[in-house]
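Colleague: Chains as they are written, first to last, in my numbering: chain A, 1 to 375; chain B, 1001 to 1304.
Watch out, some of these pointers could steer you wrong.
Okay, derived cross-link-like pairs now, DSS-like style, lysine-lysine, Cα gap no bigger than 27 Å in a straight line [claimed, not checked]:
{"id": "1", "chain 1": "A", "residue 1": "Lys-213", "chain 2": "B", "residue 2": "Lys-1054"}
{"id": "2", "chain 1": "B", "residue 1": "Lys-1177", "chain 2": "B", "residue 2": "Lys-1212"}
{"id": "3", "chain 1": "B", "residue 1": "Lys-1075", "chain 2": "A", "residue 2": "Lys-371"}
The hints are simulated quantities; they were obtained by calculation from the structure and are not laboratory data. Fair warning: this is a prediction, and the values are worked out from it, not measured in the lab.
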Amino acid sequence: MFVQLYLSQWREFARDRMALFFTILFPLIFISIFGLLYGGGSKFDEKVGIVLEDQGPIGPQLASAIEGLTQTPEGQDADKNVFSDMKFSRGSASDLESQLQKGDLQALVIIPAGLSDSITSGQPASVTVKVDQSSQVFAPFFQGVVDNIVQSVDQGITQSKPMLTMQVQSVLSSQIRGIDLLVPGILAMSIMQLGLFATAQPMIAMRTQGVLKRFNATPLPRWMLLVSYVAMRLTIGLLQTIIIIAVGKLMFDVAILGSIVALLGWLLLSILMFIAIGFFVAAIAKTEESGNAITQLINFPMLFLSGVFFPVTGLPDWLQVVVKAFPLTYTVDALKQVMINAPPINTPMINLVVQLGWLVVMTVLSIRFFKWEAR
Amino acid sequence: MTAIQVENLVKIYGPLRAVDGISFDVANGEVFGMLGPNGAGKSTTTEMIEGLRKPDGGSIHVLGHDVVKNVEPIKQRIGIQLQTTSLFQKLTTRELVKLFASFYKNTLPIDEVIGLVNLEEKVNTPSKALSGGQRQRLAVAIALINDPDIIFLDEPTTGLDPQARRSMWDVVSNLQKRGKTVFLTTHYMEEAERLCDRVAVVDHGKIIALGKPQALIHDNFDETALEFSNDEQLPESLLANLPGVERVQNENGITTIYSKGVARTTNALMALVERQQTELRGFTIRAATLEDVFLKLTGRRIRD
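So here's chain A without its partners, still in its complex pose (with noise of 0.2 Å):
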């Protein structure tokens, strides 16, 4: 019963050209594009203005924490520092700034006057980072190193501990390129597309076509039916994971840093959270019409604003909400750590909790409204 219901839907998607393309083809291609285009140069050689404008204790202390970037730890090969090639240089505001204009440098921090004055006083104050947005891949990534230390600094005056090194350090183990970041994201996003199109799209067009209605006139108890479904998108969602896991490793030595297996936990979770939103989907969607729109409703502001292709940190605090509402960011954010252990936004835990959460709610939401029958 199992397992011929769970081989009939294997025919089906196998046969699918269409669904064989968008699932295990589509995120291939994207994988190679973006793999041809950056995955040559192996190390940041940007250039980096500084300008101090902070007479206090705390300026100092930022600008020469990001100045350290290009400093190897003890015990850790130089080569595998992939900001060791950067070069920092300090300057006037009006000066450096030309020169970001110009496109002499590629980044700039300004650590502004009265800083140490405004925290030391208990009021809150920002260092800004302008970023030549044209580096695609490095000025995010730089953007989060920047933040990171800001926070480590940050904590390290509210609670008055040794400062900065661990949070910088936690990027400073291998050569992060842009293929490297792109491969968490890429996955991320095959796992939504899984759980919104071969998972809502399909359950929808078995109900309005009768499908489902001529199983529950069979023996076939609903449970069964159920526990296949899901087994067969789990295994789809699997495969196409590892395969685009093993076709980065091999053509672009894309680099899994964290531990194979928490790698799989971390994408089984997410795998089975989009499966259940997109049994929440199929749930609430009347017609195949109203579940595509859906679908697109929800696939099109998570693919941009959950850090798949850009990261979310600098995006402004009223997008932030919407961004900590969706869960393909955690998704993002827990890939990339295992990964290639970039700068986190969220604890593990916080990952681990809120797609659990997910899964939980969702199941138990598609559960109660979920109709067997159109109407």
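Start from chain A and add chain B according to the hints.
Modeller: Using the frame of chain A, we list chain B on its own:
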């Protein structure tokens, strides 16, 4: 023993009483038909008997089991062809039959079932590439896979061309020869007359006539029907006064005269046509059918 017992069945959708107090029995080995226009409540009744819908009133027993309370025990013993069945598009005939076979404890051999519906040449064709008639026969094959005691066929020939329809009739006749109980719905008179041992004529959720097709016709008619297209040249008042005429019915520009004396009526009709200086178009003389029964009982034709 009775295969199906339905008593005072009711189904209500909002203001509509889709099924309004239907009762009948189906004997073992009988081919029982529900005949009526679209929206008469045929499919709703069928799906309630199959256990796919819950009735709002009445009782249903299938093979002695109360379907309203628990449908599971009969699922192994009935075969269902829904009005529209679309299945996995890219699976072949054999793969689909095999899939459904896996849901049942006892099954017929896959190839035997495919043979019963004459789809041997299409075993390896994906269901998407089957014609409408072939797809319907595949649906019947799937309904037969568990060697069911009762087979439900919901409008098995709707939308099929005449040849495909005849082919489906052969399949049903074979089932009858094998001693199966068949419950079918249709809005084709000819189909009901030809296939069914007994027919329930339904309209607006009620059974308006029930019995053997020939008996239904004879009970309602000892007349012959004279039919022609009429565009008001021959007013009903004149036609009704012709000798031998029992009743005159006008429907969609077609006049039907029910006569107990075909020769007298025809002669008088021809004379009338002459006098009115008009023509008779599409004139036919035929025996009464179930269509006439329906027309007499409801004032409407089945297919409009």
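Colleague: Confirm or reject each hint.
Modeller: Hint-by-hint comparison with the structure:
For the suggested pair Lys-213 of chain A and Lys-1054 of chain B, the alpha carbons sit about 14 Å apart, so the restraint of at most 27 Å is met. Taken as a hint, the Lys-1177 of chain B and Lys-1212 of chain B pair is honoured in the structure, with Cα atoms around 18 Å apart against an allowance of 27 Å. For the hint pairing Lys-1075 of chain B with Lys-371 of chain A, the CA-to-CA distance comes to about 21 Å; that is within 27 Å, so the pair holds.
Going through the hint list in order, the structure satisfies each hint without exception.
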